[in-house]
Amino acid sequence: MRRRVIFPNKVLPYVLLAPQLAVTLVFFFWPAAQALYQSVLIQDPFGLRTQFVWFENFQAILTDPLYLGSARVTLLFSGAVTLLAMSLGLLFAAMADAGIRHTRLYRTLLMWPYAVAPAVAASLWLFVFHPSIGVLGRRLNALGIPWDYKLNGAQALLLVILASAWKQVSYNFLFFLAGLQAVPRAIVEAASIDAGPARRFWSIVFPLLSPTTFFLLVVNLVYAFFETFGVIHALTGGGPVKATETLIYKVYSDGVINLDLGSSSAQSVVLMAIVIGLTAVQFRFVERKVHY
Amino acid sequence: MGTPGRSDGWLPHLVLTVGVVVFAFPIYFALIGSSHDAASIATGRMPLWPGPHALANYWQALTGGSGLRISAAPVGRQMLNSLFMAVGIAVGKIAISVLSAYAVVFFQFPLRRTCFWMIFITLMLPVEVRIIPTYKVVSDLGMINTMAGLTIPLIASATATLLFRQVFLTIPDELTEAAKIDGAGPMRFFWQIVLPLSKTNIAALFVILFIYGWNQYLWPLLITTDRQMETVVIGIVKMIGTSDAQTDWNIIMATAMLAMLPPVAVVVFLQHWFVKGLVEPEK
Amino acid sequence: MQRRTGPFALGCAVLALIIGVLLAPPADAQQRIQVDFWHGLPQPLGGLLEKIAADFNASQSAYQVNASYKGSYTETMVAAIAAFRAGNAPHIVQMFEVGTATMMAARGAIKPLHELARETGVAIDPKDYVPTVRAYYSTSDGKMVSMPFNSSTQVTWYNKDAFKKAGLDPEKPPVTWEETRAAAKKIRAANAAACGFGFAWPTWTQIENLSAIHNVPLATKANGMDGLDTQLKINSPLHVKHLQTLLDMQKEGTLKYGGRDAAADALFPSGECAILQASSGLRARIVREAKFAWGATFLPYYQGTPGAPKNSIIGGASLWVMTSPKRTADEYRAVGEFFRYISRPEVDAKWHMDTGYVPITLQGFAVVSGQGYYLKNPGADLPFRQLTRTEPTENSRGLRLGNMIEVRNIIQEEMEKALQGQQTAKQALDSAVQRGNAVLRAFERANQP
Chain A
-11 MRRRVIFPNK VLPYVLLAPQ LAVTLVFFFW PAAQALYQSV LIQDPFGLRT QFVWFENFQA
49 ILTDPLYLGS ARVTLLFSGA VTLLAMSLGL LFAAMADAGI RHTRLYRTLL MWPYAVAPAV
109 AASLWLFVFH PSIGVLGRRL NALGIPWDYK LNGAQALLLV ILASAWKQVS YNFLFFLAGL
169 QAVPRAIVEA ASIDAGPARR FWSIVFPLLS PTTFFLLVVN LVYAFFETFG VIHALTGGGP
229 VKATETLIYK VYSDGVINLD LGSSSAQSVV LMAIVIGLTA VQFRFVERKV HY
Chain B
211 MGTPGRSDGW LPHLVLTVGV VVFAFPIYFA LIGSSHDAAS IATGRMPLWP GPHALANYWQ
271 ALTGGSGLRI SAAPVGRQML NSLFMAVGIA VGKIAISVLS AYAVVFFQFP LRRTCFWMIF
331 ITLMLPVEVR IIPTYKVVSD LGMINTMAGL TIPLIASATA TLLFRQVFLT IPDELTEAAK
391 IDGAGPMRFF WQIVLPLSKT NIAALFVILF IYGWNQYLWP LLITTDRQME TVVIGIVKMI
451 GTSDAQTDWN IIMATAMLAM LPPVAVVVFL QHWFVKGLVE PEK
Chain C
6 MQRRTGPFAL GCAVLALIIG VLLAPPADAQ QRIQVDFWHG LPQPLGGLLE KIAADFNASQ
66 SAYQVNASYK GSYTETMVAA IAAFRAGNAP HIVQMFEVGT ATMMAARGAI KPLHELARET
126 GVAIDPKDYV PTVRAYYSTS DGKMVSMPFN SSTQVTWYNK DAFKKAGLDP EKPPVTWEET
186 RAAAKKIRAA NAAACGFGFA WPTWTQIENL SAIHNVPLAT KANGMDGLDT QLKINSPLHV
246 KHLQTLLDMQ KEGTLKYGGR DAAADALFPS GECAILQASS GLRARIVREA KFAWGATFLP
306 YYQGTPGAPK NSIIGGASLW VMTSPKRTAD EYRAVGEFFR YISRPEVDAK WHMDTGYVPI
366 TLQGFAVVSG QGYYLKNPGA DLPFRQLTRT EPTENSRGLR LGNMIEVRNI IQEEMEKALQ
426 GQQTAKQALD SAVQRGNAVL RAFERANQP
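Chains as they are written, first to last, in the working numbering: chain A, -11 to 280; chain B, 211 to 493; chain C, 6 to 454.
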């Protein structure tokens, strides 16, 4: 993307960037560097004994079949969550924007899940789907469907996908709606002369929505990769038998629960590399299609 | 304002209603659960309609039941802490991000791309992963148990910058040209044109960031030992506990409902704001 | 609206900052020696713990213990580590039993209890404490390293009404595994309950306590207490036989797997499982929620096991003293005095009666039975009796394995795979031993002296 019209000031941009850069340097880069340095060490949790081991930690994880299994789970999980959350968000936003009455009511009602803290959301889903005490969990079993996500890996994965997507749909809905409502009315009115609503949406509105879509794609993937571990932790703990152990969950469980800071940091480095790669690809290839 | 024409058709209503039902159902069950007693929930015999214990449960959630509330700051104090933290984070993030995005989009300078990626990379390493060294930095700066320590480290991440960049890129060149021709400097252009155009996004972001700040758990837990600095979410998780051994489901659900009230209120109230912004003449 | 956004935002930020500064806690102006105590107990137990600290503060004027909740035990551990690395560790941190090896290996970060007692002159005598409880947190030569506080053990809870319905004598609960299985069968046959038998904390009940009660090693080097170079031995004939029994019970419909950790707790008070092996701490919940007659009994053992049954081992947490560059001798003395306070028989007795954790001192137990508490609450002394029924042997003193949580999760995973029918009992335990040993070796390597 190329800005043709810019302002000529040379010092002002740095001044404008200074606050964010300062905060980022002190509270992100400095601690992050230390955290990443951890990946070439073997150290006890309290930092009393340190051994420098080059890339042993990396070697260990990349040859660990459990790590690779975790990567597979992550791919499946993130893809499903992003797809589900974005398409539903778009659907609801399109419907809410369809010039109907009570848009604000629907908007309010659909925004709720976003307000819920992950720990709380997980306990809500637990409350509903627990095989023994869950309101729906019990009924499913009573109907003869063997619902037990504590032993059935596929069901566990389904549950965490649904719970994670649930929270994210409102987020997408909010932004898609803001984006839709920013589409100039004149253009849509002009198009309605010779195109039905569906065609109008896909040929005119959706491309105009693409900056928002791009933003949400990046954010949703980051969300699915990083911010979902709270939900997984509360619902399945990565189980059963690692069926829901995503890469970020493994980082957390190895670092915080198992206190293996070296391996956990190495995993963070790899994870970071993956996500940077994914977003770089998005910026290069997907953004070309974004209509500014 | 969206698709024009007579479309009070049934399809949108149907889809939205189904959506609302599906999306609100866990919250509905939580509401029901908060009105029954623990035993009937634990035995799975909870009915699908409200029960008689709502008042008792909410009272217990608020006061901690048997007067053992020595361990927490009063709920009011916790709410205040959460409020300052959430507002501080939301405002702080929006303020620094809008400036950075503006710099990156409307100027050309060496290291422009580098700066953007430096900021953007903060998304790739969540705070949970670098929490121990971040704690050390904050501790070294003497910011433990302070509101500054609670908020500033969390405004480092880049979602807002990314969003504003997207929005600013859609501003037509003609507007910038016109401003330059008029002799307006970059800051005037910023205040008078760019910011107003970003209003709906700022409102949406404020909602998102407020909730992000409000729902923070791990960071405040680590940074505060002083009970007076506790936030509502910490208070709530104290009640829920963090393992599977949850016993008082009815109280937990009541607490969850209480925890949701402020963020939901923000969401509802701010909705009004950004709708209002749209009543103005379209750009 | 246009003109107001910028200044408004700025105003908010400034306001927040000002108020934040104003809210910052004032400099400490008290004369009492301050002790920071971080714990991991949510309500209501956390409240009861903090009340003990408050009572201690009220009982004297030299010291002040400030107790704060730092999240789950895992989160409390991370907080303690972060604080230590930043140079401001709390004086006391509560750490769960599975973190004992990690804490003990952190020699520079913790001050062993016996050292604290010796240096400050505060009298803490190991003989006052219940042997099984104390042994878990002591070195092999009896020196206490951390202060026991909240300990529980496991018992068998059973549904008397279901027993009656199945034609079993409600006052004669099963004593052996064989009897347990037979009872579960009868219960299912009469459909007296949806599930005959279940267990919470799978590794604690089915592997750790199994080994202790049958006097069989779980790992070499006295279950890890004598050295970091310990190896798992959970694929012994007894363990394989037991896991096979569980698999058979699942196949015949008498066992229901309730999940890891405390997930299965819900199955008993709801009436779903007629027999559940779970923590003694579940009592409070059962009292409140069960709508049927119930009882408790000891954990079962296999018929014909030589010398069985030995004492069970504890779960729960203990209090560790952490070092810091800023620590003074007075502060250590304060910690010592606080520990002495919580060891007072009446304080110990009250904690036991309020929470269901076992009394940690012998005197405490005496006070409680002296008050007739156990007559009014039959079965409440069962955990204590199970813990003290024999002198602890090398195999029943407890465990000290590094990275114990990871090891437990590995065992749980392998068990789950077997329960899903994906592998045999022997395969599961062999695999657990192999994976677990790798974890133990990693711990050994990272914690070499």
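The hints are simulated quantities; they were obtained by calculation from the structure and are not laboratory data.
Since the model is a prediction, treat every value here as computed from it, not as a measurement.
Using N, Cα and C, we set each Cβ at its ideal position, and we do this for glycine too.
A few of these clues could be false.
Stated by the list, open to error - Pairwise CB distance ranges (calculated):
no., chain 1, residue 1, chain 2, residue 2, range
1, C, 399, A, 64, 52 to 58 Å
2, C, 390, B, 238, 46 to 52 Å
3, B, 238, A, 64, 26 to 32 Å
What the hints assert, rightly or not - Taking lysine-lysine pairs in the DSS-like style, the calculated list, with each CA pair at most 27 Å apart, reads:
no., chain 1, residue 1, chain 2, residue 2
4, B, 346, C, 431
5, C, 422, C, 132
6, C, 238, C, 355
7, B, 346, A, 277
8, B, 346, A, -2
9, C, 256, C, 191
10, C, 132, C, 256
11, C, 381, C, 238
12, C, 331, C, 165
As the list claims (entries may be wrong) - Reference listing, derived: stretches of chain B covered by chain C, where coverage requires no fewer than 3 residues with Cβ under 8 Å from a Cβ of chain C:
no., region
13, 339 to 346
14, 377 to 388
Verification of the hints:
1. A hinted range of 52 to 58 Å for the beta carbons of residue 399 of chain C and residue 64 of chain A is inconsistent with their spacing of about 47 Å.
2. The hint said 46 to 52 Å for the Cβ distance between residue 390 of chain C and residue 238 of chain B, and at roughly 47 Å that hint holds.
3. Between residue 238 of chain B and residue 64 of chain A the CB atoms are about 30 Å apart, so this pair conforms to the stated range of 26 to 32 Å.
4. Restraint check for residue 346 of chain B and residue 431 of chain C: not satisfied, since their Cα atoms lie roughly 47 Å apart, outside the 27 Å limit.
5. Using a Cα cut-off of 27 Å, the hinted pair residue 422 of chain C and residue 132 of chain C is violated, with the two alpha carbons roughly 44 Å apart.
6. Restraint check for residue 238 of chain C and residue 355 of chain C: the C-alpha separation of about 39 Å exceeds 27 Å, so the hint is violated.
7. Restraint check for residue 346 of chain B and residue 277 of chain A: not satisfied, since their Cα atoms lie roughly 43 Å apart, outside the 27 Å limit.
8. Of the pairs offered as hints, the one joining residue 346 of chain B and residue -2 of chain A is violated, with about 36 Å between alpha carbons and a cut-off of 27 Å exceeded.
9. Proposed proximity of residue 256 of chain C and residue 191 of chain C is supported: the alpha carbons are some 15 Å apart, at most 27 Å.
10. Among the hinted pairs, residue 132 of chain C with residue 256 of chain C is inconsistent with the structure: their alpha-carbon atoms are about 47 Å apart, more than 27 Å.
11. Between residue 381 of chain C and residue 238 of chain C the alpha-carbon distance is near 42 Å, which puts this suggested pair outside the 27 Å criterion.
12. With a C-alpha separation of about 57 Å, the suggested pairing of residue 331 of chain C with residue 165 of chain C is violated against the 27 Å cut-off.
13. Counting residues of the region 339 to 346 of chain B whose beta carbon lies closer than 8 Å to any beta carbon of chain C gives 4, which meets the minimum of three for the stated coverage.
14. For the region 377 to 388 of chain B, the assignment as covered by chain C is violated, since 0 residues bring a beta-carbon within under 8 Å of that chain's beta-carbons and 3 are needed.
The structure does not agree with the numbered hints 1, 4, 5, 6, 7, 8, 10, 11, 12 and 14 stated previously, though it agrees with the rest.
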